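Spelled out from the first residue to the last, the chains are:
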Amino acid sequence: MSLLNDVMYRPVDAGYAEAAARPVPVRTPAARTRRATAHLVVAVALGLVTASAVASLRTPEPVGTGARSLLQEQIADRTAEADALQATNEQLAAEVAQIQSDALASADPELFATLAELEVLSGSTGLEGSGLVLELTDAPVTDPDDVDPRRRVQDIDLQIVTNGLWAAGAEGIAINGQRLTGSSAIRGVGPAVLVDLVPLVSPYRIEVVGDAQAMQTAFARTTAANHLTTLTGNFEIGVSLRAGEVELPGGTTPTLRHAVVPGTGVAQSVAATSEEGTS
Amino acid sequence: MIAVIGLIIGAAVGLFLEPTVPTALQPYLPIAVVAALDALFGGLRALLDGNFDDRVFLVSFLSNVVVAALIVFLGDQLGVGTQLSTAVVVVLGIRIFSNAAAIRRHLFKA
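As they're listed, the protein sequences go chains A and B. All residue numbers for the first sequence refer to my numbering, where the first residue is 1 and numbers rise by one. All residue numbers for the second sequence refer to my numbering, where the first residue is 1001 and numbers rise by one.
Hints are computed from structural coordinates only; laboratory data are not their basis. Small disclaimer: the values here were computed from a predicted structure and weren't measured. Careful, some of the hints might be misleading.
One-sided and incomplete, this derived list gives chain B residues near chain A with beta-carbon spacing under 7 Å [to be verified]:
1. I1002
2. G1006
3. L1007
4. I1009
5. A1011
6. L1015
7. L1029
8. D1054
9. V1056
10. F1061
By construction, the Cβ of each residue, glycine as well, lies at the ideal position given by its N, Cα and C atoms.
Extracted from the complex, chain A is given alone in its bound form:
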């Protein structure tokens, strides 16, 4: 094991001993200067290389990247999961509706008719028929660094327009495929508008089922029509309105809510919340 012996007991390069043992050659001053210069240059180069190697090894890893990609992955996964659940939910809701109508249609036709009417009013079933399509588009961006939020379609604009459409006699409204129901909310978050917590972006396509002609006339008289004129005139927001056949999806599955008179003792837990609501 001469190698291990060498490593353990003669760790210094043998060159040092040999160089010391060698007789010192006589050099002219010029040759000595050349030698010293060469040594200096090589030494500076080695020092530079070593120092930069150490510096680059000590540079901390960007910890953000790992966490970031992990989060991105998780977001993609959860979004896919949510989409799948949404699809299952819709399928089950359709099944429930089918079974419900099958059972009820034969047993109590009158109740079934009432139910169908209420479902249309509450927006829980899909609607199909003639109506209007109103499209709102954000104003073109001229300077990406300085965007005036008023040049975007905002939640308040959509609220005013949909309220105007309801007033004009709309039977059902959907924005970018999100059906508006009695409990829908239109809210703004940054550049997007949330309709029932689903983020939508421009262009906003408002589809309305109802008597197209009557609605157009009535809508023109509402304040919403004035508002749209202001948006187009002052903020260059694109507005287009046309009549046509539209198809609206059903809204979110309605949850059962109970209201009871306080103090009657019926459904105590629910009574507490309804008291808060009424007081």
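Guided by the hints, dock chain B onto chain A, whose structure is given.
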């Protein structure tokens, strides 16, 4: 002695300028630095032994770094990069340790 001064100047410049090392060389840096440390300790011991020589010091420094990097490169090409790195680190580590022990004996007489 001029080699040590040059080395210190080079290191100071390197720390001050912080040049970026090409990404292709990044995998060989740790081993190269360990090899440089080994040469440094060897030089220090030779200095204390009284037979320090600029030329031997610089040549051993340069060859240590290059050979260490070369071994890792070869290992990477052959698919045994980590094992060879370990081997190099073990050998150099032992050398550094025994040199450090010799230096300690010189300085503290213990």
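Consistency of the hints with the structure:
no., hint, in the structure
1, I1002, "holds, 5 Å"
2, G1006, "holds, 3 Å"
3, L1007, "holds, 4 Å"
4, I1009, "holds, 5 Å"
5, A1011, "holds, 4 Å"
6, L1015, "holds, 5 Å"
7, L1029, "holds, 5 Å"
8, D1054, "holds, 5 Å"
9, V1056, "holds, 4 Å"
10, F1061, "holds, 5 Å"
Hint compliance for this structure: no hint is broken.
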